[in-house]
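Chemist: Assemble the whole structure, with the sequences as input and the hints as a guide.
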Amino acid sequence: MSREKWQLCVLLAILLVFVALAPVSQACDFCNVKFMEMQEEKAETSLQAREILDLVRGDNAPYRVTPLTTDNKQPDKADEQEPIEILQPMNDKQNGCTGCDGLPPTSYVPQDVEPDKKFTLTLKEGDVYLGKGVLYSGFTIDDKIPGPTLIVKQNDIVEIEVVNTGKIPHGMSIHAAYTQTSKYVGQIGAGETKSIKFKVTYPGVYMYHCAPGGHAIPMHTLFGQYGMLVVLPDDGYELEKRGEKPDVELYLIQHEMYKTGKDAIMGDPLYVLFNGQLFRYVEDPIKVRPGDNVRIYFLNVGPNIISTLHIVGVVWDHVYWQGHPDNVFVGGQTVLAGPSDSWVIDFRIPEDEGNYLLVTHAFGSATRGAIGAFSASYDHEEVVSVILADGPTYTEEELAEFRELAERIISPYEPTDIDEPFIITPEQQKATVEIIGNSFYPKVLKVPVGTEVEWINEDIFTYAEGEFAGIHDVAATSGPEMFASPLLGHGEKFSYTFTEVGEYEYICIPHPYMKGKVIVYDSDEKSGSQQASFNMWYALPLALAGMIVLPIIIRKFRS
Amino acid sequence: MSREKWQLCVLLAILLVFVALAPVSQACDFCNVKFMEMQEEKAETSLQAREILDLVRGDNAPYRVTPLTTDNKQPDKADEQEPIEILQPMNDKQNGCTGCDGLPPTSYVPQDVEPDKKFTLTLKEGDVYLGKGVLYSGFTIDDKIPGPTLIVKQNDIVEIEVVNTGKIPHGMSIHAAYTQTSKYVGQIGAGETKSIKFKVTYPGVYMYHCAPGGHAIPMHTLFGQYGMLVVLPDDGYELEKRGEKPDVELYLIQHEMYKTGKDAIMGDPLYVLFNGQLFRYVEDPIKVRPGDNVRIYFLNVGPNIISTLHIVGVVWDHVYWQGHPDNVFVGGQTVLAGPSDSWVIDFRIPEDEGNYLLVTHAFGSATRGAIGAFSASYDHEEVVSVILADGPTYTEEELAEFRELAERIISPYEPTDIDEPFIITPEQQKATVEIIGNSFYPKVLKVPVGTEVEWINEDIFTYAEGEFAGIHDVAATSGPEMFASPLLGHGEKFSYTFTEVGEYEYICIPHPYMKGKVIVYDSDEKSGSQQASFNMWYALPLALAGMIVLPIIIRKFRS
Amino acid sequence: MSREKWQLCVLLAILLVFVALAPVSQACDFCNVKFMEMQEEKAETSLQAREILDLVRGDNAPYRVTPLTTDNKQPDKADEQEPIEILQPMNDKQNGCTGCDGLPPTSYVPQDVEPDKKFTLTLKEGDVYLGKGVLYSGFTIDDKIPGPTLIVKQNDIVEIEVVNTGKIPHGMSIHAAYTQTSKYVGQIGAGETKSIKFKVTYPGVYMYHCAPGGHAIPMHTLFGQYGMLVVLPDDGYELEKRGEKPDVELYLIQHEMYKTGKDAIMGDPLYVLFNGQLFRYVEDPIKVRPGDNVRIYFLNVGPNIISTLHIVGVVWDHVYWQGHPDNVFVGGQTVLAGPSDSWVIDFRIPEDEGNYLLVTHAFGSATRGAIGAFSASYDHEEVVSVILADGPTYTEEELAEFRELAERIISPYEPTDIDEPFIITPEQQKATVEIIGNSFYPKVLKVPVGTEVEWINEDIFTYAEGEFAGIHDVAATSGPEMFASPLLGHGEKFSYTFTEVGEYEYICIPHPYMKGKVIVYDSDEKSGSQQASFNMWYALPLALAGMIVLPIIIRKFRS
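Chains as they are written, first to last, in this note's numbering: chain A, 1 to 559; chain B, 560 to 1118; chain C, 1119 to 1677.
Simulated from the structure, these hints should not be mistaken for lab results. Keep in mind the model is a prediction, meaning the values are calculated, not measured. Every clue listed holds true.
In the DSS-like style, the derived pairs of lysine-lysine whose C-alpha atoms are separated by at most 30 Å in a straight line are:
hint, chain 1, residue 1, chain 2, residue 2
1, C, K1235, C, K1312
2, B, K1074, B, K683
3, C, K1548, B, K1076
4, B, K1076, B, K1052
5, B, K1052, B, K726
6, B, K712, B, K676
7, A, K515, B, K989
8, A, K241, B, K800
9, A, K430, A, K515
10, A, K430, B, K989
11, C, K1548, B, K1074
12, A, K517, B, K1052
13, A, K42, A, K493
14, A, K430, C, K1633
15, B, K1074, B, K1052
16, B, K712, B, K753
17, C, K1633, C, K1242
18, A, K167, A, K194
19, C, K1611, B, K1074
20, B, K1076, C, K1611
21, B, K1052, B, K601
22, B, K1052, A, K515
23, A, K124, A, K167
24, B, K989, C, K1548
25, C, K1359, A, K241
26, B, K989, B, K1052
27, B, K800, B, K712
28, C, K1242, C, K1312
29, C, K1359, B, K800
30, C, K1271, C, K1235
31, A, K430, C, K1635
32, B, K989, A, K517
33, A, K430, C, K1548
34, C, K1635, A, K493
Modeler: Okay, structure coming up:
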């Protein structure tokens, strides 16, 4: 395929994304088809191409058997097996299990069973306000980061319905479910709803998060879609065994926020928060009275950095690894939690009034937002006995005001005010943009006219059926000249030399939320003067053409 | 307030810092008052300003009730409650506790009780020598990093007296105390002494560290003020239960040293040390004999990076999570410790002589200094049976020689020889200095004349009563031109365009140890020639004015 | 010694490395001798020099007593002690141990005992293919990364023979050995073979890795030389106690790959892999059947980043810290492992078919390669019951093709195609190259003619007997001009101003695999034109001289 044809193709695809009236129900099928054609063309000389073809089309192709993500609605083979009592412990022979009395069953239940508890989670792209004048543009669950806190009891049958009201595919991974979840709710197209039922047999504090398949599993989590699901144990913890109960229960998530996709991959967050707001419980300390029994259900979402949770003035009475009552420790000043690790923490408020600071003792994270406080006073008549891990929510009016007044807006995948241009001088002649973590890095590049800019795809997880994963391209959406790359696998490059002064905006077609900008300046330092020269010559006629041609293309590739 | 007035104000404040004969007993009250005025002025348009005003002056203002740090000397309400036997387990009703037999009491004791053990810790800013020709300029306890190792027995009543001989506020957080410490020793002004008494009821290996409130809690710890407090269990560990005892006891702290505040926040240390010296126990291996029982009381201070402690040629016999005898594990090649995590480790020296290397298996840290060795020989007649975690100390003469001969001096918050200028070229037109981790980054900037330099405050924890926390400004102290910014909250910016060649030095007034430099060069490459043009025109008359005016201002704001 | 003499000396040394017919059997003895002379010359003014001399020559010199690495072949003193029953628990008196019944003996056995199992490991420098078009040039064991998986039973006497077929010293640290290993296999010269015997008394999952002494211990591990040794417990785990056994056993290593030595020290890997290949078990999912008992022997090699291993759709039944059956936990969604931490993980495949994704929940690492999958189907007639942690191996033909077709070649210590030149502009006047992690950073520097380039040694662990550790120098091997530095200790610098346009290649003589490049361009932008001007004037005559002179020098310094 010639470069001209490809460019036309790309333009149509751009229009597909921007003009299309309906949201994208699957991750760019057009891109998938195109990408596979390209692999065949270069199989002779490319190791990656060969591996991908083997993987998808070879005799031994594993994805043919059981795809990583499947739209599997037909009756399940598990149900066709000889009927098994769902409460019965399961062993490798699936019949009378001797010797495994101590083991609870897995979470498998036939999908037509009646649930004890039902929850609905709504996923989309959106903004949240973090406090301190900071607005975050990322992905949300129920318009929050973290999403809603789900609390169930051991042995409940739980139904979770997942609604995608966004423009791209989302999905769900639920750590409390000891059974297949990917094929039920793993990938949910824009506008679709799916659900899963399972029985929670192991008590504990679990993470759930968006997981639309492949490279997007970590990326959507890094962008903000996660929450906590707690399975309360039948017999409680040591405290309950002593005949007591917690006076205050804090469901606490520590989580990270990134200003670029590269930072997300490298584990360099800009903010680290407790329950969705910078220093939330410093601004609104948790009221307790001396002598109160306090329980923290703690989940470190991460998704990169460890936390060592500590309270100034408190030694733990008992802590429970992953929240299971059998995994008990005595005393201790901290609990160490990697990403998706959890603890149940029990302690008492001492006799002496004052503030008891809550902090991750990984102090780089603490300074970035992960500090809170318990305010202990004999005068607190009423205390809030349950504090959930949900991020704060705001009305549309409040959010509109936040957007207007925000000191800064940050986003991992598109340029905002904080993305200062990365400036290339004439001596450097060449500039490189990494495509990494579903974003461009640097997001804004400023180069002298005549500079060759090279994009290199540093994302690696390049393929999983039905999902576009870490394959990216570069396509201009505005600017004096137009340019577009083919789809790039890991380590593949595309270069373009800018010969006209002006501002160029571009996106990645398979992931149209990924945005970048190149500012080309006159090396005699007249940059800036022509920045507004938005070039519309091709946009209008093609938009018209797109209106007619695209519905046909879409229909073709979706069927 | 006009810019001119503000500049005058700033100059006076500079003089306050440099001219004042007495050290600063509180964190810049003048700055606090000024900052609150500014918040009122911009409350209409700034989200941050509104939040801060709500927090401090609103109806629901939590800090009115129980400030994060308080100079609370009056009798405590805890003592006014119905008298409770301090040894009695405490429950939520504070009376006869049934069912909580297994739980020790918290650490609360009335402050007039007689202690079993008393320690004095002296905090200040100062230098230490790290070995390998490296001098570190930071914050110290008893002139050491780490500070002294404190060893007590379970159920001791401990008094810790904290003396601040520095120029800025310091304070103390003591992890072994299961009771309020912040309000007794949380913030101690320059020249002041405070103390706290508490009963250590949970055995374990604990961290203590400077904690003067708010943003300074993590920062002073990152800058070097920490140590170990061990509470020995009444009945010992498995070894004692077998009727044996350790032949060699090593109290071991792993800790990190940073060359910029930004590195401290990002968790990128320049050095990682065992007990305060680079490769201390390689240079002076710990002598042991085959068959010796060795116990390590291990604390990873961090404050950012995990450690997996390992000894080449040793498998652990027993290790105890956080040093509590009930949290016992068998075998294992490593122990994993996040910041402020601790372990007690018991093992035997095998029959075979030779060196047994001690190392964190996080090998990036090992190469930066965290390697040591046990030297095992049948010929070692005497072995040192107790090795404390205290950093090395030197006489004033030794330190003077180290300062003169040091290959390098490093400091997180002020420029030293290793801070190479960050050079801006004429094409870049603009430069950005981040204010982060109570330091400027880059600390030394070199720009062509006419460049606009923008400072942006990336510190976030902007307020806690009585402490200035992460609010910073920029104020010239020398150079051809003068400039000064208002106080900056998180994400706020200040710009200044340099029009004269020369060297400019500046500080942050609320944290005058924070120092930065801008070198302005002629873009025709004659830079350097005018560097010495220190501009005195404003310093002398203002110094005189300051002598008269400042005492009045200080008195006004301190009262 | 004058600079001219030193340069001649360096040239001879270069020839030593490149011309010598035999590989280097010890780490540059010539360098060691030279370095010690330099320390004496500067002892008056250098703190480092004094410390090193004290360490090696002082009265109290610890290295005289028991060197960190020794070529100890004579009968061991342990054998000369009163004979002890090797199976008998050892205590500090080495006789009848009362009260230590619960403790197994250490691993010490006389070296003339007959082993139950014998393994041979072959170490050298070499390439491996990582998948996705990436070839890695580093250090290997048995031509693999990770090396072979060694499986033994509790109380086996194990012999490990280590063969060095590389060009530099290698060695071995074996974490399962609870006895001296360093002095038997700690340092093995090029072409040499050594061995060690030990008894494995503590069951568990252990790391082994190259450890040639000093700074090289972490560096060779960071470069790829490691593997897993599992000691299976006599009585199995809970599963075996229930009368069952695992249907599928996965030996799983997570490990990191670096593209520069600096990244290795900073803990910023380019790739994170399971068992040596990017997304290995996505491309070839592990086949299981619903109801299967699966056991994972998990080792996080690191050597820097934590892992929280998780399987989508699985809650653990039992996990065992470090693989010891006594350290059992129930339930949980993740296990947290720092570098060299390990777990045994037992779980069941639920009734529902589909893919169960295996992933580290530290999602930055997951996106870089650490994702896999179990494919569960009732139709899988045969499943592979044991999957080892060995990295993949390829024939020489396959590797040759990979080298030709690779999208990218990466290496921590020498420039490859991915090492874009770091460009210095004329305004900057000066450039700095860090020597860190046994590599130059940046590896390729491009400077205008007339620029002063400064090399600074940021490696710290500067000395351990018999090994050159973190001492480096800079010596030109090609280019229009020649330059050479003296040996640099930590923080020491060397500067050279380039006055001729062209390409300069250089190495570090003690570590000749460390390679760097400086490209000098005409600031009027004619760079590139003279790049090929390889300067041979000095190479040929000196090569001839070297042929005659070097054997004499070598003989002198080796004896």
